[in-house]
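Participant: As given, the protein sequences belong to chains Z and B, one line each in that order. Numbering of the first sequence is given in this note's numbering, commencing with residue 1 and proceeding in unit increments. Numbering of the second sequence is given in this note's numbering, commencing with residue 1 and proceeding in unit increments.
Quick caveat, the hints were computed from the structure, so don't treat them as lab data. Just so you know, these numbers come straight off a predicted model, no measurement behind them. A few of these clues could be false.
[Stated by the list, open to error] If the Cβ cut is set under 8 angstroms, some of the chain B residues that face chain Z in the computed set are:
1) Gln14
2) Gly16
3) Gln33
4) Gly42
5) Leu43
6) Ser58
7) Arg60
8) Arg62
9) Phe88
10) Tyr97
11) Ile98
12) Pro99
13) Phe101
14) Gly102
15) Ile108
[Said to hold, decoys possible] Going by beta-carbon spacing under 7 angstroms, a handful of chain Z positions derived as facing chain B:
16) Val43
17) Phe45
18) Glu103
19) Phe106
20) Gln108
[To be verified] Calculated cross-link-like contacts (lysine-lysine; reagent style DSSO-like; alpha-carbon spacing at most 27 angstroms):
21) Z/Lys57 / Z/Lys83
22) Z/Lys42 / Z/Lys83
23) B/Lys69 / B/Lys26
24) Z/Lys57 / B/Lys70
25) B/Lys56 / Z/Lys57
26) Z/Lys42 / B/Lys56
27) Z/Lys78 / Z/Lys57
28) Z/Lys78 / Z/Lys42
29) Z/Lys42 / B/Lys70
30) B/Lys70 / B/Lys26
31) B/Lys69 / Z/Lys42
32) B/Lys26 / B/Lys56
33) B/Lys56 / B/Lys70
34) Z/Lys42 / B/Lys26
35) B/Lys69 / B/Lys56
36) Z/Lys57 / Z/Lys42
Note that CB positions come from ideal geometry on N, CA and C, so glycine has one too.
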Amino acid sequence: EPEVTQTPSHQVTQMGQEVILRCVPISNHLYFYWYRQILGQKVEFLVSFYNNEISEKSEIFDDQFSVERPDGSNFTLKIRSTKLEDSAMYFCASSSRQSVNTEAFFGQGTRLTVV
Amino acid sequence: SQQGEEDPQALSIQEGENATMNCSYKTSINNLQWYRQNSGRGLVHLILIRSNEREKHSGRLRVTLDTSKKSSSLLITASRAADTASYFCATPSGGSYIPTFGRGTSLIVHP
Numbered sequence: 001e002p003e004v005t006q007t008p009s010h011q012v013t014q015m016g017q018e019v020i021l022r023c024v025p026i027s028n029h030l031y032f033y034w035y036r037q038i039l040g041q042k043v044e045f046l047v048s049f050y051n052n053e054i055s056e057k058s059e060i061f062d063d064q065f066s067v068e069r070p071d072g073s074n075f076t077l078k079i080r081s082t083k084l085e086d087s088a089m090y091f092c093a094s095s096s097r098q099s100v101n102t103e104a105f106f107g108q109g110t111r112l113t114v115v
Numbered sequence: 001s002q003q004g005e006e007d008p009q010a011l012s013i014q015e016g017e018n019a020t021m022n023c024s025y026k027t028s029i030n031n032l033q034w035y036r037q038n039s040g041r042g043l044v045h046l047i048l049i050r051s052n053e054r055e056k057h058s059g060r061l062r063v064t065l066d067t068s069k070k071s072s073s074l075l076i077t078a079s080r081a082a083d084t085a086s087y088f089c090a091t092p093s094g095g096s097y098i099p100t101f102g103r104g105t106s107l108i109v110h111p
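So here's chain Z without its partners, still in its complex pose:
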């Protein structure tokens, strides 16, 4: 069964460093998303991406975040200068379309620890 894959599963980084989280969405999907979940808290929407541009973003998704689809398969989230509060599980998701019937498929997540 097709699935969304994320790498790495766990990343530890120094505060102030840049990190890139990688995702391979399901191959025929057109809509891509990033969410994050701080430990013990709710899953929060960050950004959605369609047709090579951001379609929606939350107030969490500030200038230190960026997304890119560098080739036909990968979808990345970059955090330019990490802060301690960026420590969270980051989930990538994809969907084939956006409609009343559409479900989003999620990856297993990347646990980011900023020290």
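Once you have looked at the hints, place chain B on chain Z.
Facilitator: For chain B alone, kept in the frame of chain Z given last:
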């Protein structure tokens, strides 16, 4: 804007019992989705119910939707220890189709 909120926050039952989790939301929706998350793992899609549907089944799962009350319930029948996980409802907010999650219900099923 915040949408779905699950209730209760935590639920502890014995294997074989039924588990019922509820979700309330604030604005009109076009669909509502339930997800499961095992500890420290990803989100697994369980079921999607459209706004014009009242009930949907998938195996031991039964989801209801009451748009007049802006609420949904997830029933897991004959629960198993492997059902232990957090369960989230997700609804699009505003005119978007992007799922927005609640805080989840933490279900523990004791063998």
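Participant: Hints first: check each against the structure and report whether it holds.
Facilitator: Structure-based check of all given hints:
Annotation: interface hint on glutamine 14 of chain B violated; nearest CB of chain Z at approximately 26 angstroms, more than 8 angstroms. Because the beta carbon of glycine 16 of chain B sits about 29 angstroms from the nearest beta carbon in chain Z, more than 8 angstroms, this interface hint is broken. The criterion of a C-beta within 8 angstroms of any C-beta in chain Z is met by glutamine 33 of chain B, whose closest approach is roughly 6 angstroms, and the hint holds. Look at glycine 42 of chain B: its Cβ gets to within about 4 angstroms of chain Z, closer than 8 angstroms, so that hint holds up.
Below 8 angstroms, beta-carbon pairs count as interface contacts, and leucine 43 of chain B has one with chain Z at about 4 angstroms; its hint therefore holds. With a least beta-carbon distance of about 12 angstroms to chain Z, the hint placing serine 58 of chain B at the interface is violated under the 8 angstroms criterion. With a least beta-carbon distance of about 19 angstroms to chain Z, the hint placing arginine 60 of chain B at the interface is violated under the 8 angstroms criterion. For arginine 62 of chain B, the suggested interface contact is broken, since its CB lies about 18 angstroms from the closest CB of chain Z, more than 8 angstroms.
Below 8 angstroms, beta-carbon pairs count as interface contacts, and phenylalanine 88 of chain B has one with chain Z at about 7 angstroms; its hint therefore holds. The interface hint given for tyrosine 97 of chain B is met, as the beta carbon of that residue sits about 4 angstroms from the closest beta carbon of chain Z, less than 8 angstroms. Given hint, isoleucine 98 of chain B at the interface with chain Z, holds; its Cβ is 6 angstroms from that chain's nearest Cβ, closer than 8 angstroms. Among the interface hints, the one on proline 99 of chain B holds; its C-beta lies about 6 angstroms from the nearest C-beta in chain Z, closer than the 8 angstroms criterion.
With a least beta-carbon distance of about 4 angstroms to chain Z, the hint placing phenylalanine 101 of chain B at the interface is held under the 8 angstroms criterion. At about 6 angstroms, the closest approach between the beta carbon of glycine 102 of chain B and any beta carbon in chain Z falls short of 8 angstroms, and the interface hint on this residue holds. A hinted interface residue such as isoleucine 108 of chain B counts as satisfied when its beta carbon comes closer than 8 angstroms to some beta carbon of chain Z; here the least separation is about 16 angstroms, so the hint is violated. About 4 angstroms separates the beta-carbon of valine 43 of chain Z from the nearest beta-carbon of chain B, less than 7 angstroms, and the hint is met.
A least Cβ separation of about 6 angstroms between phenylalanine 45 of chain Z and chain B falls short of the 7 angstroms threshold, and the interface hint therefore holds. Proximity of glutamate 103 of chain Z to chain B holds as hinted, the smallest CB-CB distance being about 5 angstroms (cut-off 7 angstroms). Of the supplied interface hints, the one on phenylalanine 106 of chain Z holds, with its beta-carbon coming within about 4 angstroms of a beta-carbon of chain B, less than 7 angstroms. The beta carbon of glutamine 108 of chain Z comes within 4 angstroms of a beta carbon in chain B, closer than 7 angstroms, and the hint placing it at the interface holds.
Between lysine 57 of chain Z and lysine 83 of chain Z the alpha-carbon distance is near 20 angstroms, which keeps this suggested pair within the 27 angstroms criterion. The suggested pairing of lysine 42 of chain Z with lysine 83 of chain Z holds, with an alpha-carbon distance near 19 angstroms, which does not exceed 27 angstroms. For the suggested pair lysine 69 of chain B and lysine 26 of chain B, the alpha carbons sit about 10 angstroms apart, so the restraint of at most 27 angstroms is met. This hinted pair checks out: lysine 57 of chain Z and lysine 70 of chain B have alpha carbons roughly 25 angstroms apart, not beyond 27 angstroms.
Our distance criterion of 27 angstroms between C-alpha atoms is broken by lysine 56 of chain B and lysine 57 of chain Z, whose separation comes to about 31 angstroms. Between lysine 42 of chain Z and lysine 56 of chain B the alpha-carbon distance is near 25 angstroms, which keeps this suggested pair within the 27 angstroms criterion. Under the criterion of a C-alpha separation no larger than 27 angstroms, the hint pairing lysine 78 of chain Z with lysine 57 of chain Z is consistent with the structure, at around 14 angstroms. Note on lysine 78 of chain Z and lysine 42 of chain Z: the hinted pairing holds, with a Cα-Cα distance of about 21 angstroms set against a maximum of 27 angstroms.
Our distance criterion of 27 angstroms between C-alpha atoms is met by lysine 42 of chain Z and lysine 70 of chain B, whose separation comes to about 20 angstroms. With a C-alpha separation of about 7 angstroms, the suggested pairing of lysine 70 of chain B with lysine 26 of chain B holds against the 27 angstroms cut-off. Pair hint lysine 69 of chain B plus lysine 42 of chain Z holds up; C-alpha atoms about 23 angstroms apart against a cutoff of 27 angstroms. Using a Cα cut-off of 27 angstroms, the hinted pair lysine 26 of chain B and lysine 56 of chain B holds, with the two alpha carbons roughly 21 angstroms apart.
Distance restraint check for lysine 56 of chain B and lysine 70 of chain B: the Cα-Cα separation of roughly 16 angstroms lies within the 27 angstroms cut-off, and the hinted pair is therefore satisfied. Taken as a hint, the lysine 42 of chain Z and lysine 26 of chain B pair is honoured in the structure, with Cα atoms around 17 angstroms apart against an allowance of 27 angstroms. This hinted pair checks out: lysine 69 of chain B and lysine 56 of chain B have alpha carbons roughly 17 angstroms apart, not beyond 27 angstroms. This hinted pair checks out: lysine 57 of chain Z and lysine 42 of chain Z have alpha carbons roughly 17 angstroms apart, not beyond 27 angstroms.
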